[in-house]
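Residue strings, one per chain:
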Amino acid sequence: MYSDTVMDHFKNPRNVGEIENPDGVGEVGNPVCGDIMKIYLKIENNIVIDAKFKTFGCGAAIASSSMATELVRGKTLEEAWELSNKAVAEALDGLPPIKMHCSVLAEEGIHKAINDYRVKKGLKAWIEKNPHST
Amino acid sequence: MLLATGLPVEISHGSLRLTLGDANTEGDVDFVLEVLPKVVKKLRDMSPLCQKSGKEGGCNV
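Taken in sequence, the protein lines are chains X and G. Numbering-wise (this note's numbering), the first sequence opens with residue -4 and increments by one. Numbering-wise (this note's numbering), the second sequence opens with residue 2 and increments by one.
Take these hints with a grain of salt, some might be off.
[As the list claims (entries may be wrong)] Cross-link-like lysine-lysine pairs, in silico, PhoX-like; alpha carbons within 25 Å at most:
no., chain 1, residue 1, chain 2, residue 2
1, G, K42, X, K70
2, X, K37, X, K116
3, X, K94, X, K37
4, G, K39, X, K107
5, X, K37, X, K119
6, X, K119, X, K6
7, X, K119, X, K94
8, X, K81, X, K115
9, X, K70, G, K43
10, X, K119, X, K47
11, X, K47, X, K81
12, G, K43, X, K47
13, X, K115, X, K6
14, X, K70, X, K37
15, X, K107, X, K124
16, X, K116, X, K6
17, X, K70, X, K115
18, X, K70, X, K81
19, G, K39, X, K47
20, G, K43, X, K6
21, G, K43, X, K94
Note that these hints are calculated values from the structure, not bench results.
Produce the complete structure using the sequences and hints provided.
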């Protein structure tokens, strides 16, 4: 049911852990829906130089956070903001339909971490262009 | 059932129920004891809930 890429990122997740003194942190999800994701970003000169995560959830949630942190590393904040849940799912060679919300959570986690950074810097938080209902 | 006992959702979702039957052997138990704690540790280390609790080896929130 999971692609080889999902299984790989689930079994050997990239970028697990925390960043000390992160520039942005985003925690999304809630225990009732079953998944909690926390994304940490280190940002220098508008570039995401490091991204890490901690996730409590299913294999797809772990794989989505692993892939999302991989995808935003080295990106500008604008590029990282543009990362869609679809792009995360595609990079994982697809997710089962009932697990697509995991990729949504990853996108939202990145967004929340970016806005955490922006607000701390005294900048305006960016507005979600395609707010997900979850 | 765990929720009905009043445990919070995050603890209930992180629970694991193991059931033994007639067909199980001591070897099965040894195997689970060898494999499962490592898996649990890995997932706990990855969980943002464990970090909040600040407890060693547990994720009680």
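Results of checking the hints against the structure:
1. G:K42 - X:K70: Distance of about 32 Å is beyond 25 Å: violated.
2. X:K37 - X:K116: holds (13 Å)
3. X:K94 - X:K37: Roughly 28 Å between the alpha carbons, so the hint for X:K94 and X:K37 is violated.
4. G:K39 - X:K107: Distance of about 32 Å is beyond 25 Å: violated.
5. X:K37 - X:K119: Holds: X:K37 and X:K119 sit about 19 Å apart, inside 25 Å.
6. X:K119 - X:K6: Answer violated: X:K119 to X:K6 is near 38 Å, above 25 Å.
7. X:K119 - X:K94: Not OK: X:K119 and X:K94 at ~32 Å, beyond 25 Å, violated.
8. X:K81 - X:K115: violated (28 Å)
9. X:K70 - G:K43: violated (29 Å)
10. X:K119 - X:K47: holds (24 Å)
11. X:K47 - X:K81: holds (20 Å)
12. G:K43 - X:K47: holds (16 Å)
13. X:K115 - X:K6: This hinted pair is violated, its Cα atoms lying about 34 Å apart.
14. X:K70 - X:K37: Within the cut-off at roughly 11 Å; holds.
15. X:K107 - X:K124: At roughly 13 Å apart (the allowed maximum being 25 Å), X:K124 and X:K107 satisfy the hint.
16. X:K116 - X:K6: Violated, at about 36 Å.
17. X:K70 - X:K115: Holds. X:K70 to X:K115 sits at ~20 Å (cutoff 25 Å).
18. X:K70 - X:K81: holds (17 Å)
19. G:K39 - X:K47: holds (22 Å)
20. G:K43 - X:K6: holds (10 Å)
21. G:K43 - X:K94: holds (22 Å)
In summary, the numbered hints that this structure violates are 1, 3, 4, 6, 7, 8, 9, 13 and 16.
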